[in-house]
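Taken in sequence, the protein lines are chains S and U. Just so we're aligned, residue 1 is where the first sequence starts under my numbering, counting upward by one. Just so we're aligned, residue 1 is where the second sequence starts under my numbering, counting upward by one.
Any given hint might turn out to be false.
Calculated cross-link-like contacts (lysine to aspartate or glutamate; reagent style EDC-like; alpha-carbon spacing at most 20 angstroms) [claimed, not checked]: (1) U:329 with S:203; (2) U:123 with S:174; (3) U:377 with U:343.
Simulated restraints on C-beta separations [what the hints assert, rightly or not]: (4) S:119 with U:115: 31 to 37 angstroms; (5) U:166 with S:26: 17 to 23 angstroms; (6) U:304 with S:200: 46 to 52 angstroms; (7) S:102 with U:251: 25 to 31 angstroms; (8) S:18 with U:166: 43 to 49 angstroms; (9) U:239 with S:26: 49 to 55 angstroms; (10) U:221 with S:39: 28 to 34 angstroms; (11) S:254 with U:241: 30 to 36 angstroms; (12) U:150 with S:39: 39 to 45 angstroms.
Hint data in this document are derived by calculation from the structure and do not stem from the laboratory. The beta-carbon is built from N, C-alpha and C at its ideal position, and this holds for glycine as well.
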Amino acid sequence: MAVKEKIVSRDFKEYVREVNPDVGLDESIKGLTPEKIEKTIKAVLGARTARIRAVLETCIHCGLCSKACQWYLSNDGDPSYAPVAKMRMTIWEMLKRDGKVDAEFIKQCARIVFTECNICHRCSMYCPYGLDVTFIIGLVRRVCFVLGVVPQRQMDQDHAHATTLNQVWLGQNDWLDTMQWQEEEVGAEYKDLRIPIDKEGAEVMWLPLGAEPKTGIYHIERTAKIMHAAGIDWTVPGKDVWDSSNMPMFLRDFATMQRIVRGLFDNAIRLRIKKMVLTE
Amino acid sequence: MNGSGNWDWDTKEKYVTDINELKKKFPSVRELVPSDDGEKIATTVRNEERRFTTCVNGETWEETFERIYSLKFNPAGQLISLALRDYEWSVIIDREMWEDKFDYIWNLTLSPDGKNIAVNINKDQMSAVCLNGNIWENTFFDARDVAMSPDGTRTASHVLTKRRAELDNVGFMKKNWTVAVDGNAWDNTFLNTWGAVFSHDGSHVAAVVRTDLVQYTIAIDGTPWEQTFGVVWEPIARPGSSEFVAPVQTPKGWTLAVNGKPIWGNFSQVWRQGFSNDGSKLAAVVAVSIGNWTIAVDGKPWNTVFNQIVATPVFSPDSKKIAVAVKHKNQWTIAVDGSPWSETFENAWNPVFSPGGDKVAVKAERNGKYFVVVNGKIGKKGYESLWDPAFSPDGNKLLIRCVDDGKYYRRVIPVNEI
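With the sequences and hints as input, model every part of the structure.
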């Protein structure tokens with residue numbers, strides 16, 4: 001719960017926010033050292049690729065991106081929510097100080113890039129140069145992720161994906177058991193309604209979001225009914241990866257991102273299905 | 001009846017069972033599973049009382065179950081399946097159920113000779129592996145995947161050594177996952193681990209391990225390589241040694257590594273690596289640039305690239321050739337040593353070499369029918385269902401396991417008459 005107490009950035013006095021405790025940010029900065037922070041920033045931002053330089057060296061700070069940002073608009077035009085301000089308060093400061101920033105600064109960055117930007121890319125549409133601002137925000141997220149400074153729930157989802165290849169810590173047995181149980185439940189209403197598992201050569205492989213077999217069971221029932229009524233030759237994979245969500249993308253956990261996408265395509269190739277249908 | 005040498009290569013056609021009749025008899029008939037020699041065809045059926053049983057060659061077992069899944073024939077022609085009876089799961093070999101019962105079982109794994117059977121099991125909220133009816137002495141808070149030694153006597157799984165608490169990110173960073181071999185967890189633990197595999201002699205196990213949020217490597221018997229990488233794919237064992245080969249991502253690109261040291265040049269991606277039968281050659285799927293996939297053999301890529309899929313490479317028995325299913329511009333075909341067949345298909349499965357290595361056969365789909373294709377020549381007959389073809393030991397005949405006009409047949413066709 002938000003505490004009615006204000007924090008004021010030491011570096012940017014205009015950045016004033018209510019205190020909103022999150023152990024993912026508050027606790028995880030305790031183990032950081034200036035050396036580790038500097039090394040991480042240089043590792044992530046070190047190779048100034050053309051893509052990074054295109055944004056940082058072209059931006060003229062005109063602020064036209066502001067009107068694209070839902071955070072800016074829904075906070076009465078507070079300029080500290082403007083996309084350009086978010087870059088100024090994070091990556092530009094990291095580069096200006098050559099990576100020599102402290103843990104409190106990293107926490108501030110994490111708060112900005114994880115909780116005050118949705119990575120919707122609208123700002124790029126409003127930028128007169130079409131600069132990819134959210135790519136830069138993503139780089140800062142990468143710095144924070146490598147340092148382990150990520151809001152608690154987002155980090156938990158990333159750990160779940162990395163470990164179980166789904167965002168809800170569902171075991172391999174629970175996934176299969178849930179599909180079989182759902183077929184029994186829905187099957188009572190229909191003569192031959194099935195949720196085929198690992199059916200080779202099926203036309204369609206359905207890949208739900210992780211939450212569906214865990215908390216949105218009725219989605220599975222409805223999907224099965226739709227497939228049945230439409231006469232679609234379909235299947236669900238019996239092996240990892242079946243969860244089509246990719247929460248590690250929001251943290252820029254590149255390794256887990258790759259594992260998820262590769263796993264989905266591995267299942268498609270293994271079963272020689274023709275189309276993947278994903279929940280969204 | 002192990003090995004194709006003992007199969008019937010003389011009878012041209014055996015009508016085995018009428019699948020359409022089965023569909024009239026039962027409200028639900030599941031996927032068909034033929035034996036390797038094609039003599040048997042099995043499926044799970046559901047009766048009017050909504051209970052399941054197994055049907056082999058049209059003969060239905062009397063006993064019924066709440067659930068049956070994961071049907072597999074072993075090379076000896078025994079049917080292995082996982083079944084739930086009276087709310088207890090167990091493994092069934094033909095009609096005999098293991099004595100031990102579980103809350104759930106999955107990942108049915110057979111040794112190459114089919115004599116050893118392992119599954120992941122869950123019982124009383126603890127997980128492990130059960131090999132031939134014997135549960136590991138130690139159980140874990142979770143177990144994922146079954147790895148089996150080539151001789152089928154040893155098993156491994158990725159296991160959770162401490163119970164996870166909700167949203168406990170601090171606890172996660174204490175590293176609670178490792179590999180258990182025959183039920184004994186490695187001393188070293190990791191953030192997470194996957195891809196466990198045994199050496200050919202079964203005496204070593206390697207797996208991908210995550211040592212830090214962004215550092216991955218291969219651990220052998222619990223000891224990580226000295227070098228870490230951005231990410232690492234699943235290792236395979238080098239024949240005749242205790243070494244393992246794995247794709248690794250370095251700042252220069254993807255390559256293959258042994259003991260942490262790169263052994264190939266760099267690519268945009270490397271995976272699905274495999275050794276030839278004699279162990280002398282190493283092949284892998286590589287992307288020479290983004291969206292340009294091919295096969296590299298001992299680090300040297302084929303000249304031909306494919307823009308969608310290159311599936312798992314298959315070596316000929318004499319280790320001289322490689323064939324692989326590829327998808328290019330929305331069409332599947334087979335490429336042999338870099339040369340794709342001119343015929344393309346809506347779908348193509350993994351190719352099969354003749355014993356002499358001179359012929360390649362594959363199951364492929366065109367216009368909704370399945371065909372046998374040999375060396376790029378499409379068979380005359382399209383089937384409703386078809387399974388991978390198999391060559392006779394002399395390489396002159398093909399075993400065709402197919403459903404034709406609603407009936408399952410075992411056919412033997414001379415290769416030059418397909």
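Given hint residue 343 of chain U paired with residue 377 of chain U - CA-CA distance at most 20 angstroms:
8 angstroms, holds
Return holds or violated for the Cβ distance of residue 166 of chain U and residue 26 of chain S against the range 17 to 23 angstroms.
Distance hint for residue 166 of chain U, residue 26 of chain S holds at roughly 18 angstroms.
Could you say whether the range 28 to 34 angstroms given as a hint is met by the Cβ separation of residue 221 of chain U and residue 39 of chain S?
Roughly 31 angstroms apart at Cβ, these two residues keep to the hinted range, so it holds.
Is the hinted pair residue 329 of chain U and residue 203 of chain S satisfied, with a Cα-Cα distance of at most 20 angstroms?
18 angstroms, holds
Beta-carbon spacing of residue 239 of chain U to residue 26 of chain S - inside the hinted bounds 49 to 55 angstroms or not
52 angstroms, holds
Satisfaction of hint between residue 174 of chain S and residue 123 of chain U, Cα-Cα up to 20 angstroms
13 angstroms, holds
Given the range 39 to 45 angstroms, decide if the beta-carbon distance of residue 150 of chain U to residue 39 of chain S lies inside it.
Because 43 angstroms falls inside the window, the suggested range holds.
Range agreement (Cβ of residue 166 of chain U with Cβ of residue 18 of chain S, hint 43 to 49 angstroms):
Violated: the Cβ-Cβ distance is about 26 angstroms, outside 43 to 49 angstroms.
Against the range 46 to 52 angstroms, how does the distance between the Cβ atoms of residue 304 of chain U and residue 200 of chain S compare: consistent or not?
27 angstroms, violated
For the pair residue 119 of chain S and residue 115 of chain U, does the Cβ-Cβ distance stay inside 31 to 37 angstroms?
53 angstroms, violated
Kindly confirm whether 25 to 31 angstroms is satisfied by the beta carbon distance between residue 102 of chain S and residue 251 of chain U.
Between residue 102 of chain S and residue 251 of chain U, where Cβ atoms are some 28 angstroms apart, the hint holds.
Pairwise beta carbon distance, residue 254 of chain S to residue 241 of chain U, judged against the given window 30 to 36 angstroms
Given range 30 to 36 angstroms: holds, Cβ gap about 32 angstroms.
This entry does not satisfy hints 4, 6 and 8, going by the numbered hints stated previously.
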